[in-house]
Every structure is written in C-alpha cells, then in structure tokens.
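Q: Using the hints, position chain B against chain A.
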Amino acid sequence: MKKIKKAFIPVLSVALLTPTFAQTIHAEESMSQVNTPAIELRGTLDHLLSEHFALAVLSMQKQYDGDEGAQAAQEALEQNAADMKPAIASLYGDEGAEEFDRIFSAHNDYTAEYVQAVKDEDTAAQEEASAMLDSFYVEFGEFLETATEGTLPSDAAIEVLDVHEQQVEDAFIAYVEGDYETAYMTYREGLSHMFDISAALSDAIVQQNPDQFEGSVPLTAAGDLRSDVSNLVAEHFALATLSMSKEFKESEDFDFVSWAEDENTADLKATISSVYGEEGGEQFEQIWQGNHILAQSDYVNAVKNDDEAAKEEAQNRLGTFADEFGMFLETATDGILPAADATELVNMHEEQVFTTFDRYIEGDYDGSFEKYREGYAFTFDIGAGLADAIVTQNPELFEEEAAVPEMPQTGMGGTSDSGMTLQWLAWILAGATAGFVGYFGVRRFRTNG
Amino acid sequence: MKGFVVIALSLLVIGCSTTDAQDRDESLADEGVRLQENDQTIEPYTEQTIAEEFNLDQDTIDQAERERSKSSEITPASITIPTLDINAPIVEVGQLDNGQMGVPDNGDDVGWYEPGTKPGGIGNAVLAGHVDDRTGPAVFFDLDELEEGDSILVTGEDGEELEYVVERLESYPFDDSPVDEIFGSSDTKQLNLITCAGIFDRDVGTHDERLVVYTSLIDDEEDEELQPSSPTELTVQGTLLTWHAVREDHVAGYRIYSVDAEGTETYVASVSQTERKAIQMTDEQENYIIKTIDYFGNESDAENVTVAE
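Heads up: the sequence lines are chains A and B, in that order. Just so we're aligned: the first sequence equals residues 225 to 673 in the numbering used here. Just so we're aligned: the second sequence equals residues 46 to 354 in the numbering used here.
Pulled out of the complex, with its shape left as it was, chain B reads as follows:
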C-alpha cells in the first residue's frame, strides 16, 4: 500500500533564521525513542497482500484507501502543544525553487507543507516552525523538550481537532535528512514536526542540524467504524459450507477456519467477494467459523456454524 504523495525533495533544508541567534548545542543523540511496531495484522498463514489473497485489483484497493483517508483529513488552522504551552496559527507553505520546503515568514506561525499529506490523512503530514528568529526564541524553540507520548493537537479550519502522540525525536545533519521517511508515503497517519537544531553555522547561514519530531494520529474511531459485518446464513448443504455475502463497501472476501474440539482454529481457505460463497468441507471438523475481511485488512467478528450430524 503506497501512499499517494511522492515528494522528490533532494534536500531537506529549512531556512531557519539567518542572523544572530543563540547557538544551541543540544544533543539529541540519546532520545532513544524507537518506532513502535505498527499494528497491522500479518496473518500467520500467508504473506500475501489482501489483493493477492482475494484476487483483487491492487489499484482498486489503493483507491479505496485514498478515499477512506480523505474522510478524516482536515485543512489545519492551528497547532496546540499543551506540554510546551505552544498555541500557534498554521499557514500553508509550498516548495521553493531550490527544492526546499517553504517556511513561514515570521517566528510565530507554523508552516504546513500544503502539496503533501493533509493532517488526518494516510501518509506523512509535515509542519515546520522556526526555532528562533532575529530577536530570540521562536515558536518551536522548545520542541526538543518533547517526549514520547506527549500530545500534539491540530485544529482544522472548521474546528475539527486531531490528536497526535509523539513517537520519537530525531536530529539529522542539515544537508542529510531522510526526506523520504519524513515526507514520503506511509501506511499510517503521521504528522512530522520540523525545526532547526544544533549550532548556527554562519558560513552556511543555517543551523547545522534539523530536529524532526515524529508523531502518529490517535485514531480510535477507525477500527470500530470500519470493522466489516460478519457473514450471515451460514449453512451446511451436503459437503458444502455456504453463506450470504456481506453487502458493504470494501469487502475483500472471507476467511474460513475450522475449529476442533479443543477450540483450536485452523485456517482453511480464503474466498473472494467476487467468488461463489461456498467451500467444500474436506475434513471431519465439526465446527467452522467465517470472518469477513475488508480491503484494509480489518476482520469481522467470527460467525460460527456447526456441522449437523
């Protein structure tokens, strides 16, 4: 599943203030916040993608993914970071002629990279703010004080609020940042905050490091909302196990498991939504369960059937 924003920034250089600024020498080396394992289910029985497992068109799934992502997207208007007592307006910035991400023209605003992902969408939304300006500390001056688990709130134009949680902080040399990781595609809903760090290099006219705060959306509604319904009308007809299709959007298919006397579930088969909703039962298992699977890998609750004697 590829994100849809592909950004080809050759360099990530943020034009932090170019005049007298306090030299800062903060080491971020020991932040030690590790990226959490993303919680997407990888079925133990298959390394296949949903498209492969259910013989679906990958483009169709990608399209659905984009549409789903859009529903939670917002156009950001302001950012609040309670632990740092930050509350700042957000302005849209683009890409400069030299390939750099643009920045706000003052030290109070935070810039949202508008050609990229919107906050709330799947992928990496990027915000940048100055660490300092000509007169002193700017909006993201204390950004390096964030810790894993801190909350970042982004409010949209229409008042919608999204909550992100800090995953980790990383600092990179000003001319050698992993721009793909920061701006590129992602399967999850990320928000990355950027500011300058390190020592101000007067020869080059910029700080020698960039600080990136990686955060991810707290998306508690999603799982519940998107869990598909369970299949119905499970029927044993002779050696066939049949059921009725779940008529919802984005249903990829069904996974069938047999259940033995000890309650151990054994994967039997996957049946695509486009195929006949039937399998032939080949063993002496007495019970089967069927789960609906959607394009995004969400599973429904199991529906049981007992093979009548």
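Looking at chain A on its own, in the form it has when it is part of the complex:
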C-alpha cells in the first residue's frame, strides 16, 4: 500500500473547541491562517465528504452481513447527505441545494441496491445498480460544472467521482470475497481520496466566488496541513470504532482492521518525526500504542468477558494516555497547547469512541451512530486546532505564500500520489530544520518508559 500519501505535521490540538484557548493562541493576531473562510470551506467539505465514504463502507458491510445496526448506518449516511445541503444552499441557493440533494440521495439508494444485488447473487440487478451509479457520477459531474460555472469541468469531476465509486465498490467486493487486506487498503486510499475531492471542489468554489471568501484561498500550506492532519485523526476514529466492534464480534476481518490501525499509527508517527525528529516520533508511538490502542482492545475483551476489574483497568490506562498525550502536545508545541486542555479533549475523544462501542453492543444502534457522527466531526476540530497550533508555533513556515505558486489541482489525479504535499514536506524539512532543533523536550517523556 502506498506509504505516506500526504505530508502531515500532527500533534493534536484543540483550538476550535475552546474559545478561550483559541483566543490565547491568537491574542496578538488578527486571523489564523488555518481558519480563513476558504480553508473553513475546505474543512467542512473534508469532514462531510470523508464521512460519507466512511459511513458508506460501514453501511454496505452491515447491510451485507445482515447486521442489526444496518438500518441505523444507512440513516446516518442519509443524515450526512442532508447535512451537506445547507452548505450548498449558502452557495447556490435553495434550488441548487435541492438538485444536489436529489442527485446525491439517489446515489446512496443505488449503493444499497447494489449491496442487496450482491447479497442475492443477482447479477442482473448488480449490473443495473452499477449502471445507475455510473450515471450518477456523470449527472453529478455535470451538476458541479454548472454550479461552479465551469471552474470545475465536468470531465475532471466525473473522473474523481469515478475513482471514488470504484474504491467504494472495490472495498466492498473485497470484503464480500474475504480479501480483507485489499478491502482495508482500499478503505484507507478511498478515505484519503475524499480529501482530494474536497480540495479540488473547494478550490473551484472559491475561484468562482472570491468575494464570499474575503480573498482567501483553500490550497495553502496551512490549509494542506489542516486537511492532512484531519485525514489521519478522522481515520483513527473511524478505524478505532470499527475495530472495537469487529473484535467484540470476533469478525473474520478484525485482524485486518487492526492492521489498518497500525498503518495509521505509522503514518502519524512519520508525520511527527518529520517535524520533531525520530525521537519525537518514537515518543509519540510509545504513548499512543500501549495505553491507547492496546487498552482499547483490552477494554473490548473485558466487556466480552464481563470482567469489571479489567474494564476499569483499561479505562484507567486510557486516562493515563490522555495525561501523557496532553503533556506530549504541550511540550511539542512549546506550550501553545496547554496540557490540561489537550488532555480534556483527548478524554472527550475517547468518550466518543467508547460510547459508540458501548451503545452498539447494547443494541442502541441509533444512539451509537449519533455518537459516531459526533466523534467523527470532533476529529476535524482536533485537526484544525492542531494545525492552528503548529502554524502559530512556526509562522515562518506558512507566511510566505506570495513566494509560493498556487497549487495545481493535483487532487484530480485519482489515486496517484500528491506531488503537492510531498513538495511541501520537502520544503518544510529543508527550510525549517534549524527552527525545530533542540526545542522539543525529549527527555521529559523518558520517565514514562
């Protein structure tokens, strides 16, 4: 599988969630570079489009398995589509929003029909549903071209949508065939692809309506950072909740979901290392794995075995993780993210992960998906806050926008590697190494070993 597709500079932060905290960061600045109107648009699309992918895969698996939560998953998917409407309406009016909704909702229905056809081994119905999905992205591509007045040409839009549909289909078919490695490799690529779509889409929208966005643009270094960090944190949430229910149910594909989680950890570590050096990455990994990823697994087994003491121990370890990680972030960001605030947000995130799981095994599927959507959205606040802290901490890396050419629309290239972000990584590493040297308090975490 592709290694690090994007350049990340993670360190979880929190700014958007706690106004006082954000004010602390920006006390002497007029506006954060990661929260410009154009980048906010990009962030919103990142969230809703990637959530669409995550929920579509979940919903298809559950429908195919005959899982009792299948209906709730499909409803969550529909609710996600409904949540896109206000954003579309604010740009293209109610009529445009209605047209968007008509096209987009229909494609969710075709997807459900596709799953049913596969389940029934009804080849004719499967081909018909597949053909309907093909016509969807043609129609949707044309809608986007019209809406953006040609800024986003339909053939380019159709191409990226085609890639998306193919990834959804491939991940599902591999799942059905028991080829779980392909299923979750495709899942990771497919989720990431949604961030490329939103980059292209937000760029077209902003180009079309520059005044609405106060002259800000979405494809900046700070915008890329926010998007990339959000991708990894959101993926962590999606895989954590997925692996917990798979482990609880002893699903055949559980090992492959936990493998995907390890890949996600490796990408996070690589990101941290790219900014804070190998030692920083190793400290992150040590904190992240034992009392977090493994404790989450231990919690599932404690619930399975009805072992209250083990359950409590797992929860305590997650508390330790939140404390250690908060401290890690404070140190990494040179105090821009206070440990106490970061710890509180990590705890909120964990509560969302565990409540999603607890409700699911209790049979409260609607409640579980409600919490899932809340938790998934929260990771984008984390991504934004984190990126904000890094940009604030290292303004020299992000302020020379005039000297940097506007980015090409590399998101249109399907699954190919994004040259844009790799360039940024190289640039950051080359130009900024001196700025980072020695400032990260490595020793502080040694005692935890």
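Simulated from the structure, these hints should not be mistaken for lab results. C-beta: ideal position from N, C-alpha, C; glycine also. Some hints could be false.
[Stated by the list, open to error] On the chain A side, residues computed to face chain B include the following (Cβ under 7 Å):
#, residue
1, 474
2, 475
3, 479
4, 482
5, 486
6, 509
7, 513
8, 514
9, 518
10, 521
[As the list claims (entries may be wrong)] Keeping only pairs whose Cα atoms sit at most 25 Å apart, straight-line, the calculated SDA-like set for lysine to any residue is:
#, chain 1, residue 1, chain 2, residue 2
11, A, 473, B, 100
12, B, 336, A, 475
13, A, 473, A, 536
14, A, 473, B, 325
A: Coordinates of chain B only, in the frame set by chain A:
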C-alpha cells in the same frame, strides 16, 4: 476435556461360559505394568486449560475434539494379535437389560461394545471375548499371556488398520471392576480387551475374575498433521510486537516468549486468536519468539523476531 461417552454400567459382568470349563487359577497380581504418564504438555507457567488461557468457550473446544476424533474412527471388523496367533472377526454387541455388556454368542467372535467409543476415537473402545466355551478354550483363552508392548491390530470394515500397544493387564473381582476406567471417558485413544479369568464359580455361574488388557493407539500421524503453522510477519512497531494470525482451523492463540542473550526462553504472554495480534514489549529483551497453539494444546515451531536497535 471430557470424553463424550458416559456409560452407566453398574456392574461389569461378562457372561463367560456357564458350563464345564477348565478352572483356571491364574494370578495376575504381579503384572506390574504401570500406566505410562500421558504425554500431554502441562505448561510450567500455567495450570490453566486452553479454554481458560485463551478465553475460549470450552464447548467449542470439546466439539472440535470430537470432530477430530471422528476422523480416525473405524467400525471394527476383525482383530489380530500376532503374539497370540489370534485372528478373529468382530461383531457388535450392546447392553443387556440387566446392565451388562453383551457378548458374542460363540467362542470364536470378539464383541465390540457398539454404544461406546469406536476404535480410533478418543476414549475407551471396548472389546470382549470368551476365555472358553462349553467345549474348551475360546478366542481370548491366552489373553493373559500378553505383555506390555505387544501389538494389537484392529481392522475396519473398509480395511483400515489401527495398531494398539499393550500398556498393562489388570484383573478384578467379577462384581467389582472399575467400569468408569474401562468404559468411561479418556483424553486419549484407548482400546480395552476383556475376558474372564480366575476360577469358575458354579454357584454364581461365572468366573470369579475379569481380566482387562489396557492398550493405547499408536497415533504417529497425529502430531505432525495437527501441528499448527507458525505465525508470520512478526514486526516490531515502536513498543508493539505484532504478527499475522494463522488462518487455520482450531487455532486457540499464541504464546510469546522473550529470549535473553543466553538463549533462555521466558514466557511473556498468551494472546487469543480472537484478540488483537499485538503485545507491548516491556523489557529490554532483544529477541522474542511466538508459537501458535491449537485447541488441543499442540504448539507450532517458534518464529523469531529481533528487536531492531
């Protein structure tokens, strides 16, 4: 691990011949053949069962055990005991109304207790034959001459042959035999031969003792066939040691050992097949090995990983 045959015979009485027979007064008291230690591994670090160690359902393991046992079971057709020059057909017998195991109606056949374990299966399969009949010696007349290590061959309906080896001989009073031991459950594949012994008691109409020859299956294929594969893709990722699951039937989980510079293996943890295939490495050991364990306690070869500097 309980066998699946539970037999509630109140008495083990075999209806040996009831008429003029040679009185025999053979003492079996000094046979002195001791039951060999069964070779099931008991891990030094734990007294847990596989089900407890790997958080598995005992019923699932028992079920697998039964299925595995079935694969080597046969319906017996004849018995051969080379050292005694015995070669006799086997007939099926059941349980009589009085609770006794049935016997063949002649002195030439050997009876297999059909409600019980099949030869080749896990548990005690039981064969009985007369020591004598109204006219003289019968099929198992020389059974008491068997010695530890002698071979017993049982051939199935389809020609399959099983070889058992004599473990020990025991004689019991005719009305006081350890029927649970003879007919009950066992973790191993046993075959027990029964005949009459001792003095014929005309008042009671039976010999006063029963001779039981305990034998066990030579099961050389089993270990090789059932040894699970070793885990693969052992990877050190940060402080985690991860590996890929072995996707075979009846894998219970994995045992992880650390290996120090002297090569001493120290048990670290057991991870169930249903759990995340990862442990956190907590010490400074440089090497780890992982073995796959199946439901039946078989261990795979060790797979090594070296923690990179």
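Q: Confirm or reject each hint.
A: Hints versus structure:
1. 474: holds, 5 Å
2. 475: With a minimum Cβ separation of about 10 Å from chain B (threshold 7 Å), the hint on residue 475 of chain A is violated.
3. 479: Since the shortest Cβ distance to chain B is 5 Å, the answer is holds.
4. 482: holds, 5 Å
5. 486: holds, 6 Å
6. 509: For residue 509 of chain A, the interface hint holds, since the closest Cβ of chain B sits about 3 Å away, which is under 7 Å.
7. 513: holds, 5 Å
8. 514: holds, 4 Å
9. 518: holds, 6 Å
10. 521: For residue 521 of chain A, the interface hint holds, since the closest Cβ of chain B sits about 4 Å away, which is under 7 Å.
11. A:473 - B:100: Answer holds: residue 473 of chain A to residue 100 of chain B is near 14 Å, not above 25 Å.
12. B:336 - A:475: holds, 23 Å
13. A:473 - A:536: OK: residue 473 of chain A and residue 536 of chain A at ~21 Å, within 25 Å.
14. A:473 - B:325: holds, 23 Å
Violated hints amount to a single one, hint 2; each of the other numbered hints is respected by the structure.
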